[in-house]
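Protein chains: 2
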Amino acid sequence: MPSPRPEPAGGKAPPCVILAAGRGQRLALRRCKPLTRVLGLSLAERGLLTFRQAGVRRFVVVLGYRAEELRRHYESVAARRRLEVRFVVARGWERGNGVSAAAARDALGDGPFLLAMADHLISPGMVRALLARTTDRREGSLLLAADRHRGALFDPADATKLRLAGDRIEAIGKELTHWDAADTGFFLCTPELFSALERAASRGAFSLTDGVAELAREGHARIVDVSGEPWIDVDTPEALREARRRLLAEIGKGAEDGFVSAWFNRRISRRLSSRLAETGVTPNQITVASFAASLAGAGLLGFGSHLAGCAGALLVQLASIVDGCDGEVARLKHLATARGAWLDTILDRYADVAVALGVTFGQVRTGGDGALTWLGGLFALSGFLLASYVTKEFALRHGSAYPNDWINRLKRRDLRLLGVCCGGLIDQAFAALVALGALSHACVAGILVRGWRTGDACS
Amino acid sequence: MPSPRPEPAGGKAPPCVILAAGRGQRLALRRCKPLTRVLGLSLAERGLLTFRQAGVRRFVVVLGYRAEELRRHYESVAARRRLEVRFVVARGWERGNGVSAAAARDALGDGPFLLAMADHLISPGMVRALLARTTDRREGSLLLAADRHRGALFDPADATKLRLAGDRIEAIGKELTHWDAADTGFFLCTPELFSALERAASRGAFSLTDGVAELAREGHARIVDVSGEPWIDVDTPEALREARRRLLAEIGKGAEDGFVSAWFNRRISRRLSSRLAETGVTPNQITVASFAASLAGAGLLGFGSHLAGCAGALLVQLASIVDGCDGEVARLKHLATARGAWLDTILDRYADVAVALGVTFGQVRTGGDGALTWLGGLFALSGFLLASYVTKEFALRHGSAYPNDWINRLKRRDLRLLGVCCGGLIDQAFAALVALGALSHACVAGILVRGWRTGDACS
Chain S
-16 MPSPRPEPAG GKAPPCVILA AGRGQRLALR RCKPLTRVLG LSLAERGLLT FRQAGVRRFV
44 VVLGYRAEEL RRHYESVAAR RRLEVRFVVA RGWERGNGVS AAAARDALGD GPFLLAMADH
104 LISPGMVRAL LARTTDRREG SLLLAADRHR GALFDPADAT KLRLAGDRIE AIGKELTHWD
164 AADTGFFLCT PELFSALERA ASRGAFSLTD GVAELAREGH ARIVDVSGEP WIDVDTPEAL
224 REARRRLLAE IGKGAEDGFV SAWFNRRISR RLSSRLAETG VTPNQITVAS FAASLAGAGL
284 LGFGSHLAGC AGALLVQLAS IVDGCDGEVA RLKHLATARG AWLDTILDRY ADVAVALGVT
344 FGQVRTGGDG ALTWLGGLFA LSGFLLASYV TKEFALRHGS AYPNDWINRL KRRDLRLLGV
404 CCGGLIDQAF AALVALGALS HACVAGILVR GWRTGDACS
Chain Z
-16 MPSPRPEPAG GKAPPCVILA AGRGQRLALR RCKPLTRVLG LSLAERGLLT FRQAGVRRFV
44 VVLGYRAEEL RRHYESVAAR RRLEVRFVVA RGWERGNGVS AAAARDALGD GPFLLAMADH
104 LISPGMVRAL LARTTDRREG SLLLAADRHR GALFDPADAT KLRLAGDRIE AIGKELTHWD
164 AADTGFFLCT PELFSALERA ASRGAFSLTD GVAELAREGH ARIVDVSGEP WIDVDTPEAL
224 REARRRLLAE IGKGAEDGFV SAWFNRRISR RLSSRLAETG VTPNQITVAS FAASLAGAGL
284 LGFGSHLAGC AGALLVQLAS IVDGCDGEVA RLKHLATARG AWLDTILDRY ADVAVALGVT
344 FGQVRTGGDG ALTWLGGLFA LSGFLLASYV TKEFALRHGS AYPNDWINRL KRRDLRLLGV
404 CCGGLIDQAF AALVALGALS HACVAGILVR GWRTGDACS
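Residue numbers (our numbering), protein chains in the order written: chain S, -16 to 442; chain Z, -16 to 442.
Simulated from the structure, these hints should not be mistaken for lab results.
Glycine included, each C-beta is placed from N, C-alpha and C at the ideal position.
Treat the hints with care, as some may be off.
Going by beta-carbon spacing under 7 angstroms, a handful of chain Z positions derived as facing chain S [stated by the list, open to error]:
1) Arg322
2) Ile329
3) Glu376
4) Gly434
5) Trp435
Computed list of chain Z residues with no C-beta within reach of chain S, every gap over 12 angstroms [unchecked claim]:
6) Ala272
7) His381
8) Gln411
9) Ala428
Simulated restraints, written as ranges between beta carbons of each label pair [claimed, not checked]:
10) Asp93/Z with Gly149/S: 47 to 55 angstroms
11) Leu159/S with Trp435/Z: 53 to 61 angstroms
12) Ala425/Z with Ala291/S: 30 to 38 angstroms
13) Asp93/Z with Gly108/S: 46 to 54 angstroms
Generate the whole structure from the sequences, applying the supplied hints.
Spelled out as structure tokens, the structure:
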């Protein structure tokens, strides 16, 4: 059902044509390829959301094989994620993906448009790289995102290769023996592409590559180097596993991670997140579950017995690991929200209070000197909260986050909670708590000094 | 000693000529007028610092009466405050301030310059208003900061008046009966002023007003309306008192003040600050003194006796009042520093910890049930610290400060400390502490909800 009207106003980014007409026989799955799920989302949905993340809001999806099934899926994604998706059914799509691309012509205006494959995973960075060239009038009629890193290619034999002169494409094809870069299947085009596809078709060549080769012959096809960006053509079950692996590797990179997060928690939370992503569990539910686990752990630590203490200690560490999952699942499923992050931060602080309280209470129950024990608990609790406070205050006053230096990492909650856990396991939770409290106060002092030194003497 | 070289490069703001040559007979003080101290700083120093606050760094001071005494003073200010000050001694200054102004000619380049009176207090806002017109080529050769509010004039009889046509000055003089605005004695000039002063002098008229009148006759004098900005010609002992009053009124305006600060603490702290400003006490010393008073108050509250509790309670409230003085004195004496504000904020949090601890300990000593009392203390302490934390987190996530709404005011430390003080006086410090803790936690919950509501559902 091609729509004859040109793309509507609003949204500066050009529209994106997504080719979802082919059969994708190699993947050998029962569902059609764009419906294949990776970590809880179909390739189709991941595609749209990657573009949305880079600011693209309007899409033209070209359908062919199992058109109605795909259309229903895309329509449900568009409604849920608030995107504008129109559909074109490509007659003769079986002849080649050039025919599918040509079918989008009537759904587009005279301006530039993006062109991507429904079964490729690309990164928002690649989309931004091409969008940045939209208004560059010096460009040729076609820009192809290309990867010069041969090592990054998952299946070099199946890749479409490019021979280049500078950034100009000299030759394109799967069979090139001397080549400089790989075709990522993602383009910024002008309507000139359609004439090129027609010329190729008149010679009996029906693939998109044939159309690009036409433009390349005229010197009208160039590349944008996106080497280093993660992308993959999800063409086989092996590629599907690799796509999953790459997605997981991306989401666990917390520049703000402490020592324990980076070296221990993330390794487990990432696996957990990959399972959670396949379910319907939302990031906020994970946040609340982690909070509940902290409270339960704090309660068990408060019993005062070694056995309950061990259980509580492990639960507290589990909560610390799960605390990484909410953000990971949110990023994996494009569900990250400002309010989710806000809830997470505040509940973390209350969980810290609960753990300090539980450990202190447990010590009081086992007969530690009342006042001294409570004083120790107050000391630790105030250290934890002030350590969280002081970096926020620093960031507000300096206009940039406190650097993730060793002081910052020593005061993070991943280390605190692991410390309490280890202490609890050897029946020394309280000693660990007080030691961690002292560490936190020392970090506050360190940050205070740093803030004093970097602060202007004159305002 | 006029310096023949033009003003050096660096610093975009034009230089400022300060007329400090006159005798100032009306003030009837033993010292010469620019040396008169207001709230700890001489008029001379206040003038330079007001300009510095608006970005002016280079000055030409015109001396005459008691030139050596004034030069030594200005030199010491320049060294202490890191300003570039050059001096010109005006021969014949006794004839009128136009002669003094003319003496600055050789110390200036061909560009525009500011011209101000050493014995006027003006506001940084007035300086910025004139600086904003520096590059406006459409302007006439002289711009005069003028005040249209007759009510704001401290001594209307003595004011130099202006008759205007639009923003053009038609007539200037003290004797005008029909007038539209008052001359604030602050100008943005070009070297054309010097020719105008020469022409006036050739007719035997030697005041600056005579020079301005020359330019006005040629249509080359305009005003910049600075109505509403605080300024005063410190010409009499009464004006000196008024200047003091106005300065104090400016510094106590805390947009971030809580209820108790606004309605009670500020009234006392402002008086205290006016005394402290006259001494050599630095703002950071006041910060530390307030912190020490909090610690001492917390210690007394920890004794557990009603008498010690009363003393501690009053000390805590005193600390709360003095906590306002550091910022006030810093603003009064142009000593505000980023590091001072940073130290103040962190010590405030530790003082909060100390007070909660002291009150709790006092309750434990008077035989309250140990565990429950300590739990109450932990509850209150965590509420106080989280209340401080949560607005910082909010500001960081939203990119703007949490609004000073009633939730914010209810959680501020001025209210907490007054609450503890009142509780202590009636021997109910602990009950007050727990109630204030509950209030703080409720405020945290309120801010959490507000952050959730205003947070994006989609990031």
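If you check each hint against the structure, which ones fail?
7 and 9
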